[in-house]
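Following the hints, position chain B against chain A.
2 protein chains.
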Amino acid sequence: MWCQSCKEEYEEEDAGTCKECYEEASETEEELKREIDDLRSRLHFLRLPSPSLDASSLSHSDLLLHAIPADAPARPDTPAVPAHRVILASRSPVFRAMLENEMEESRSGIIKIYDVSYDVLRAFVHYMYTAEALLDEQMASDLLVLAEKYEVKNLKAYCEKFLTSKVSNDNAITHYAFAHRHSAKQLLETSLAAIMDNMSTLADREEYKELVEKDPRLVVEIYEAYLNRQVNTAAGKETDSSSRKG
Amino acid sequence: MWCQSCKEEYEEEDAGTCKECYEEASETEEELKREIDDLRSRLHFLRLPSPSLDASSLSHSDLLLHAIPADAPARPDTPAVPAHRVILASRSPVFRAMLENEMEESRSGIIKIYDVSYDVLRAFVHYMYTAEALLDEQMASDLLVLAEKYEVKNLKAYCEKFLTSKVSNDNAITHYAFAHRHSAKQLLETSLAAIMDNMSTLADREEYKELVEKDPRLVVEIYEAYLNRQVNTAAGKETDSSSRKG
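Going down the list, the sequences are from chains A and B.
Each residue of the first sequence is one higher than the one before, starting from 1 at the first, in my numbering.
Each residue of the second sequence is one higher than the one before, starting from 1 at the first, in my numbering.
If we strip away everything but chain A, and leave its shape as in the complex, we get (with noise of 0.2 Å):
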């Protein structure tokens, strides 16, 4: 027998699908590749160029944000970064609440952001503009934090995907401690199974003695969620031994 797909030969037991199957399978992947094409085309098209301070008029803004760090007082040649009300207004409530009352940062058209370096500012706005960030685990920790402040869903769920495929027995403890001050679900559970898959290391590490010290309620969690596991794990296998018996 001869497989339609690879056109390698293969024996009766390693048979995979009938013909028909087989062709169906190929149409569903060609007409989703049609639709994936047909997305990319509308999402180029969406995409706005995130405007800059030495630009035509045209794209000239009609607000300015200022990056106020958290540790140092910013720079006072820091340059602000241009946005405009729509854009912002139409990506996050918080924006869009600030922006529709009369308050002080609508009248004026000046923003300030604070406890936030300008590099992550401009990455947050470029994302506003694009649905696009470039990442590492700084910037999408920062951002992520940001994403969370403002409301932007979208930004915080693609930052919170990308840590969680970061996520190793090295910094599971960071994390988890990271996702449970930002309720990032996702990334607090990934890290919370790394973290009990090295339970015996785990009060060795510099990271646990300082939760221990900062936070001992996350720490009791962790042990919450290991004797949990525990105590189910050895159901299971009292299910699995009584039903053997039976």
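By construction, these hints were calculated from the structure, which means they are not laboratory data.
For each residue, glycine too, the CB sits at the ideal point set by N, CA and C.
It is possible that part of the hints are untrue.
[Unchecked claim] Computed beta-carbon distance windows for the label pairs:
#	chain 1	residue 1	chain 2	residue 2	range
1	A	GLU35	B	GLU151	39 to 45 Å
2	A	ARG40	B	THR233	35 to 41 Å
3	A	TYR223	B	ILE36	36 to 42 Å
Only chain B this time, still in chain A's reference frame:
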């Protein structure tokens, strides 16, 4: 043998794929579906609400578009369609040039759009914000013309695809002439093929007679294409019979 996809029994000669390729294909399908979900969510994020005249001050636009119909003077009570410079300029090179240069339209914020009804203009602006349009054949034709004029390629392709899917024996000549006028290649090919499939009744059609009057060059092109196809088909048969002889 049992198909892993439809679970039905089948004969050996109806085998489609081996098990390995079956599993790979299922994975590919899952991946494509995940990509579609991701693209849809980004698309949803980038859509903008198209502005309305009575919205709150925030969405207040900085442009007003006036529809000037070709056949009748615009009724004085026809409302203008509001829009934002940043959106129109990013979607259309024609609007970009108009708004970047210090033209009358840019200074006044008022743009007259000629030969178009209010409804079509509204649908046009809506597409600029959402990459979506509700089409019937008339709307698709009208929007295609406007998209061509303002070089909104994405919208032109969208309308052309819709019209191409509607080509039938009854409307092929009309679509053919329209496609010619607006350089719509895909629509041209599909409608020409539909015409050539019904050459025996061609000369009786009203649209044919009109076209002979208005643009006989196009009629000549139909006959040339038809003759060309006949010659090629004959040559094909010739090759067939000579290869059979050989």
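Checked hints:
Taking 39 to 45 Å as the suggested C-beta distance range, the pair GLU35/A and GLU151/B does not conform, at roughly 26 Å. For ARG40/A and THR233/B, the hinted distance range of 35 to 41 Å is satisfied, since their beta carbons lie about 38 Å from each other. Between TYR223/A and ILE36/B, the C-beta spacing of about 41 Å keeps the proposed range 36 to 42 Å intact.
Taken one by one, the earlier hints fail for this structure only at number 1.
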